[in-house]
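Visitor: The residues making up each chain are set out below.
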Amino acid sequence: MSRSASNSLPTTDLLKTRGLVKEYHSDGVSVEAVRGVDIGVGIGEFVAIMGPSGSGKSTLLHVLGGLERASRGEIWLRGQRVDKLSLAEWAVLRRKHVGFVFQFFNLLSNMTVADNVELPALLAGVTPRQARRRREELLSDLGLSEKAAASPARLSGGEQQRVALARALANEPSLLLADEPTGNLDSSNTRDVLRLLQRTHDRGQAILLVTHDARVASMADRVINLFDGMVADDHPVTRIPRPVSSVLELHGL
Amino acid sequence: MRATFRWARADLRGRRGQALLTIGVVAGVVAALILATMLLEGAVNPWKGLFARTHGADMMAYLSYERTSGAPVSTAPLAHLPDVVRMAAPHPFSPATIDTSTGEPRIQLTAMPAKLSSLSMSVPLVVAGTWLTAAKPAGIVIEASFASSIGVGVGQPVTVQSADGKPVRLTVVGLADSTDQGFYPQATPGQVWVQQSVLKRVEPSKSEWEEVVDFRLANASAIASSQVFQAIYDAYPTSTGASVVQRFTTAQQVEDSMASDDRLLGLLLGLFGIIALVAAPCAIANVTAGRLLMHRQDLAMLKALGFTPGQVVRMLLAEQTGLGVVGALLGVALARVITSPQFIHPPDGTTIGLAPFPGSWVALIAAGTVLTVALATAIPAWWAGRVSPVAAVQASPPRGHLSQIARLGLLVHLPAALVLGARDSLSRRLPSLLTVFGLAIPLMMITVALSCWTTIDGFSGDPARIGLPAALVVPVPASGMTSHQLKALLGRVGTPYPDANLPPTPLPGDNGTFTALAVGTSRGQGRYPFQVVQGNPYDAPDQAVAGQGFLSLMHLSVGDLTLISVDGVNVTVKITGRILDADYNGDVLAFGMDTLGTYGGPQPPGAYDVVLRPGLSPAAARADLLRWTNNQLVVSMVANPADSLGIVRVVIAISVVVLAVIGLASLLTATAIGLRDHRHETGVLAALGLTPRQVIATLVVNTTILTAIGVSLGVFLGLAVAPRLINMQGQNSGMGAGIATVPSSLMLAAIFVVSLLVTTLAAVLMARRTMRMTDSAAHLRSPARRPTRTSIS
Amino acid sequence: MRQPLLAFLAKEPAHGYELKLALEQTFGEAYPSPNIGQIYVTLKRLEQDGLVRSQDVEQTTRPNKKVYELTEAGRDALRTWVDEPSDGPRVRDEFFIKLILAPMAGLADRMELINAQRRHYLGIMRNLAGLSATDTPARLLIEGAILHLQADLDWLERCQEELV
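Protein chains in written order, with the numbering used here: chain A, 2 to 254; chain B, 47 to 839; chain C, 8 to 171.
Please note: incorrect hints may appear among the correct ones.
[Claimed, not checked] Just the calculated beta-carbon pair ranges, DEER-fashion:
| # | chain 1 | residue 1 | chain 2 | residue 2 | range |
| --- | --- | --- | --- | --- | --- |
| 1 | A | Pro237 | C | Glu168 | 18 to 26 Å |
| 2 | B | Leu417 | A | Asp142 | 46 to 54 Å |
| 3 | C | Ala109 | B | Gly356 | 56 to 64 Å |
[Claimed, not checked] List of simulated lysine to any residue pairs, SDA-like, C-alpha gap at most 25 Å:
| # | chain 1 | residue 1 | chain 2 | residue 2 |
| --- | --- | --- | --- | --- |
| 4 | A | Lys85 | B | Val436 |
| 5 | C | Lys105 | A | Asp229 |
| 6 | A | Lys97 | B | Arg432 |
| 7 | A | Lys148 | B | Arg59 |
| 8 | A | Lys148 | B | Ala54 |
| 9 | A | Lys97 | B | Met47 |
| 10 | A | Lys148 | B | Arg52 |
| 11 | A | Lys97 | B | Pro355 |
| 12 | A | Lys17 | C | Arg126 |
| 13 | A | Lys97 | B | Val436 |
| 14 | A | Lys97 | B | Arg342 |
| 15 | A | Lys85 | B | Trp428 |
| 16 | A | Lys85 | B | Arg432 |
| 17 | C | Lys105 | A | Val238 |
| 18 | A | Lys97 | B | Arg55 |
| 19 | C | Lys51 | C | Ala84 |
| 20 | A | Lys97 | B | Arg48 |
| 21 | A | Lys85 | B | Pro355 |
| 22 | B | Lys252 | B | Ala122 |
| 23 | C | Lys105 | A | Thr239 |
| 24 | C | Lys72 | C | Tyr24 |
| 25 | A | Lys97 | B | Gln343 |
[As the list claims (entries may be wrong)] Output of the computed footprint for chain C on chain A, the stretches with three or more beta carbons under 8 Å from beta carbons of chain C:
| # | segment |
| --- | --- |
| 26 | 219–232 |
| 27 | 235–242 |
No lab work stands behind these hints, which were simulated from the structure alone.
Where a beta carbon is used, it is the ideal one built from N, C-alpha and C, also for glycine.
Just chain A, same shape as in the assembly (with noise of 0.2 Å):
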C-alpha cells in the first residue's frame, strides 16, 4: 500500500533512492533503522519527511546526507551514485552540493558567528574575499549583519538557527537537508526560519526537511510519511481552501 512515487517523478531527480536500508548492529543483534525506501527529490522541490518518533526520519537525513553510510541499496544525487562512496568522498560532495541544519543548530563554539558562515565557502575553494561578501548578504539577508563578530552562546536560538541556516546556504547548495529546523524554536521563531526555508525554495533550491511540525510540512511541494522504517505515504499537499470554522467554531457568533 505503501506508493511508491519514484516511478512518476520527472526522470531530473535531484536525488533518488532504490532500496536503501541502513541496519545498526548492537549487541550482536542488529536492527533495521531505514527498511527498503524508495523516494525522490526532484530539482527545486520541497519535500517533508514526517513520521512518529523512532521512524527512521532522521536515520534516513543522515544517509542521504552521508553523514552514515547505507547499508544497502542506491543513492544517486545528480545523477551520480553516491552511496559507495567514501565518508572523505562525501565530505567533499558535500561542500558544494548539501547543506545541513540540525535541531540543535550546531553552530562551532568557538568561532564567530561571521567565521561559521564563511567556514563552508573557504571550505569549498572561495576567496576570503568571496567568502565575506557571500557571508554579508546572508547575514543582511537573515537580519543578523550586527551579530556578524558574536560568538553563537549569545544568540538567542532563533538567531541561531537563522545562523546555522545561513551556513548552510553559504555553498549555494542545490540540496538542503534539514533536520526538525524548528523543533527546539517558538512560534514566532519557527515562522522566521519558515520564512527563510521559502525563500530557499523560490531560488529553486531542493530541500528535504524532516519535521513533526505540520505547519512546516504543509509548506511543502510533497509530504512522504515514514513508519517503521519504511515510505507509508507520498504524497503532493494541494491546498483545501476550508474556513478557519471548519477547524475552530467561535461558540459566541
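Mind docking chains B and C on chain A? Use the hints.
Guide: Then chains B and C, alone, in the frame of chain A:
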C-alpha cells in the same frame, strides 16, 4: 587550507589557556632537557665546560729563551702561519717548586699581566680571592685543583723556589681555574701565576725562562696532520740542531686525558632523558585527547560541513605541532637565558660544570620534542578523524548510573555530593582513565627522581652504605714512627685497620688490572666492616669478598673459588660475598691481611684505614692527627663519589618541577573535561535540590577521587621501578646493586597530600567559575530529544 | 452572537450596521461575515430581555435609524459571560468512528484512512498557513486553528501507532 587555518585560529583563540599550557609543557621539557644535558655533561666532563669559559687555547707552544743572551724569542713569525686564526702574546714562565707540609711539588711559575681583560685566550677563571694586582706585588694565584691538593687557601703564605735560586715568600691572593692542562694531581706540574717582577725574583737567570704561546686554530685537522707543528719548527731555522721549540700541547690532548669515565653520571643522564621523553608525550597526548573529548560535537559538525577525515587529522596535527614548535623555541630561549654566564655565579668558588652545548644538539632536542608532540597528537587526532558526523546531532547518551554501592551510600545518608561525585569517577571510563594515567606517569617519574635524591643522600650521610666505612687513610711513614705507635695514635680518633696497600694487580690474561685489598683480619674483631650486599663476609683466611666489577671481569659469582697472583703470591680464595665499592669501580677483591700471611709470610701494613668514631668529622680528625704529630703524618680523606653527584640534585630538582607542571596540565585538563561534562548536569542537580555548594562538592569529589587513584598508582609504580633502575645503574657502574634508597613514607605522604590539595583547589576554582556560567541557564539549552513546546525566547 | 454585540455596545452606542462593520473588522476573514438581518433580530431580542435599549435618530435623507446602548442589566450579563470559563472545542469523532467501523465492514484499510485524513488535514493546514500572514486578532484565531490541526495530526499518528 584556508578553512583549516580559520578553524585553527578560532580554536586557539577559544582555548587560550590550554594552548598556553601545551606551549608551557613543551618549553619546560625542552629547557629541562637542554639544561640537564648541559649540567650532566658538565659533571661528567667538567673540563669541557671550563674550557669554554676560560676561552682555552686550541694549542700551546712552549719556546725556550735565548740560552746565551737570555732574551725572549720573537713570536712574530708564528702569527701568520696557515691554519692559525689568532695568536696570543707569549707569557714567560719558569719551573720551580713550592713548599708544602707534605713535600715540594714542582710548579710552573707563569708571569701574567695584572689585567685579565687584556688576555684573549687561556684566561684563568678566578674562583676565590682576586687576580694579581699591582697593589700587591708579592701576590700569587694558584690553580684551584692544585691549591686544594696541597691544602692552601687565599691569604696563606707560601714559599716558592727555583732550582738554584733563593726561596721567595709570597701570599696567596686568589685561586683560579685553568684549562691549560688537566686537573692536579693527574696533570703536573702545579700551575701558579705571578707578576713578572716576582718571576724575576724567583729565577733571576733569564736564560732559564721559557715562554708559552697560545693559538686559536682554524680547524682541528691542522693538529691531526701535524702541519702546524712542522710549520712552527720551520719558523725557527737552527744551525745547532737545538730548536727553541720545546714542546706543544693541544686542547685535544688535555681533554682526552681528562675524559671522565664516570658511568654513573652518564647513566643518570640517560635516565632523565627517558623521564622527559616518556612524560612529555603522555602529557601532550593527555591534553590533546582531553581537548578533543571536549570538542567532539564541534569536530563532528566540521565533518558534516565537509571536512574529510584526513583534513581533520591534518588540521589537529598541524595545530598541535605548531604549538610544539613555539614551545620548543621558547624552551631553547629559556635554556639560553638560564645558562647565560650572567646567571650563574659560583658563590662558593666551585666550578659549575656547564658544558658548552653544540647547536646541533639543541636543535636535535627541540626537534625531538616537537616530533614527540606530533606523535602524541597522532592517536587522538586519528580518533578525532573517525568521529562520526552524526555525533554532531546526537545528544550524548546519558552516562553513568547509580550503582548498588551508590544506592547503599545514599541509603545510609552519606553526603549526596560524595556519592554523586564518586559515581562520576567510576562511570565515565575514558576521561577517568585519561586523568588517572595523566597523573600516574608524572608521579611515577617524580618518585623515581626522588629515589635518586634519597639514594645520593644516603651516600653522603652514611658513606659506609656504599662501601666507604673508612674516612681517613694514613700511610705508615718511612721513619719517625712504628706502625704500632701509629696504630695507637689512630686509635684515639677511631678504629684503625691495617692495609697492605697493594699496587694494582694485573688480571689473568693481561686485560687490565684490579685492586686487591688486604685489610684487617680475616675473622674476629679486626675484620674490616665491608658493606656486604650478597652472601656473607669472609670468615677465614681462605675466603674473600669481591665487588661487582671484579665479578663481572672474571665471570665469577658468589661462592666460586678463584686463584690469583697478588704481589707475587699465589692465593686461592673462596668468594663468600659481594660488597659495594665506590672507590675502584667495583674492580676489587678484598680479604684479611693474614690471608697473604698464610701464603707468603707476614706482611707489614703499608697504611691504616681509619673508621672514625661516630660524630667525628673527617676534617676534624685529620686536623687533630696533624696537630698531634706536628704535620709529620700524611692523612688523606676518602673522597665520597656522592659529593660529585651534587649536580645531579639540581637536575632532579629541575625534572621534578617539569614533571609537576606536566601533572598539573593533566589535572587541569581532567577538571575541564569533568566540568564540561557537567555543564548540563549542574543545572539538573541544582533543580533536584542540591545547593550550589553541594554541586561544587560533587565536582570536586569526582576530581579528587581520580587524583587520589592516579597519585597512588604513580607512587606505587615509582616505588616498584625506582630501586630496579637505580640498582641497574649501580651494577653497570661496578658499584653493585643494592644501593637504592626509596623516599621516606613521610615524603611520599607529603606528595600525596600536596597533590590532593592542589587538585581540590583547582577543582574548586574551576567549579565555581562553571557554576557562575551555568547561572546563565546554559543547562536549559541542553539538547533533549523531544523538547517541550514551551517557548524560550 | 449576543455577547459579542453586547461587548461592542459596552464600548459605545451603535446602530446595527456599525455593529456588523465592527465584527468584520475585528475577526476579518477568519469568520464568515454576519448577516445584517441576523444582527437586527439579535438586537431586538436583547432589547426584549432588557439588556439593551434603543433610541431613534432622525436622518434627513434616509429612514430613521435605531441606535442601541447597553443597559445596567446588559452590563451585568456581559460580565457574567466574561467571568464564566468557556468549554473547549469538542473532539471531532466522525473520523474515529469511520476508523473503527470501516475496516469491520470491509470498506477500507486503516492505513489508507489515516493517510487520506492526513492529506486532508495538511491541505487545510496549507490553506490556513496561507491566511495567517495578517496581523489582526484574526491571526491568533488562525494560529489556534493551526494548533488544533497539529493536535489532530499528532492524534492521527497515535492512531497509526496503536491501530496499524
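Visitor: Now look at each hint and say whether the structure bears it out.
Guide: Here's how the hints hold up against the structure:
With their beta carbons about 25 Å apart, Pro237 (chain A) and Glu168 (chain C) fall inside the hinted range of 18 to 26 Å. At roughly 48 Å, the beta carbons of Leu417 (chain B) and Asp142 (chain A) sit within the given window of 46 to 54 Å. The hinted window of 56 to 64 Å between Ala109 (chain C) and Gly356 (chain B) holds, with their beta carbons roughly 58 Å apart. With a C-alpha separation of about 18 Å, the suggested pair Lys85 (chain A) and Val436 (chain B) falls inside the 25 Å cut-off, and the hint holds.
Straight-line distance between C-alpha atoms of Lys105 (chain C) and Asp229 (chain A) comes to about 24 Å, which keeps the hinted pair within the 25 Å bound. Proximity of Lys97 (chain A) to Arg432 (chain B) is assessed by CA-CA distance (about 22 Å); at most 25 Å being required, the pair is judged to hold. As the CA atoms of Lys148 (chain A) and Arg59 (chain B) are separated by approximately 19 Å, the hinted pair is consistent with the 25 Å bound. Annotation: proposed proximity of Lys148 (chain A) to Ala54 (chain B) holds, straight-line Cα distance about 22 Å (limit 25 Å).
Our distance criterion of 25 Å between C-alpha atoms is met by Lys97 (chain A) and Met47 (chain B), whose separation comes to about 16 Å. A threshold of 25 Å between alpha carbons decides the hint, and for Lys148 (chain A) with Arg52 (chain B) the separation of about 19 Å falls inside it, so the pair holds. The suggested pairing of Lys97 (chain A) with Pro355 (chain B) holds, with an alpha-carbon distance near 17 Å, which does not exceed 25 Å. With a C-alpha separation of about 23 Å, the suggested pairing of Lys17 (chain A) with Arg126 (chain C) holds against the 25 Å cut-off.
Between Lys97 (chain A) and Val436 (chain B), the direct Cα distance comes to roughly 19 Å. Compliance with the 25 Å bound is thereby established for this hinted pair. Distance check on the hinted pair: Lys97 (chain A) and Arg342 (chain B) sit about 24 Å apart at the alpha-carbon level, within 25 Å; holds. For a cut-off of 25 Å, the pair hint linking Lys85 (chain A) to Trp428 (chain B) stands: about 23 Å separates their Cα positions. Between Lys85 (chain A) and Arg432 (chain B) the CA atoms are separated by roughly 18 Å; this keeps the pair inside 25 Å, and the hint holds.
Distance restraint check for Lys105 (chain C) and Val238 (chain A): the Cα-Cα separation of roughly 23 Å lies within the 25 Å cut-off, and the hinted pair is therefore satisfied. A distance of roughly 23 Å separates the Cα atoms of Lys97 (chain A) and Arg55 (chain B); the hinted pair therefore holds under the 25 Å criterion. For a cut-off of 25 Å, the pair hint linking Lys51 (chain C) to Ala84 (chain C) stands: about 16 Å separates their Cα positions. With a C-alpha separation of about 16 Å, the suggested pair Lys97 (chain A) and Arg48 (chain B) falls inside the 25 Å cut-off, and the hint holds.
Note on Lys85 (chain A) and Pro355 (chain B): the hinted pairing holds, with a Cα-Cα distance of about 17 Å set against a maximum of 25 Å. A threshold of 25 Å between alpha carbons decides the hint, and for Lys252 (chain B) with Ala122 (chain B) the separation of about 20 Å falls inside it, so the pair holds. Proposed proximity of Lys105 (chain C) and Thr239 (chain A) is supported: the alpha carbons are some 23 Å apart, at most 25 Å. Proximity of Lys72 (chain C) to Tyr24 (chain C) is assessed by CA-CA distance (about 10 Å); at most 25 Å being required, the pair is judged to hold.
Using a Cα cut-off of 25 Å, the hinted pair Lys97 (chain A) and Gln343 (chain B) holds, with the two alpha carbons roughly 22 Å apart. Counting residues of the segment 219–232 of chain A whose beta carbon lies closer than 8 Å to any beta carbon of chain C gives 5, which reaches the threshold of three, so the coverage claim holds. Counting residues of the segment 235–242 of chain A whose beta-carbon sits less than 8 Å from any beta-carbon of chain C gives 6, enough to reach three: the coverage restraint holds.
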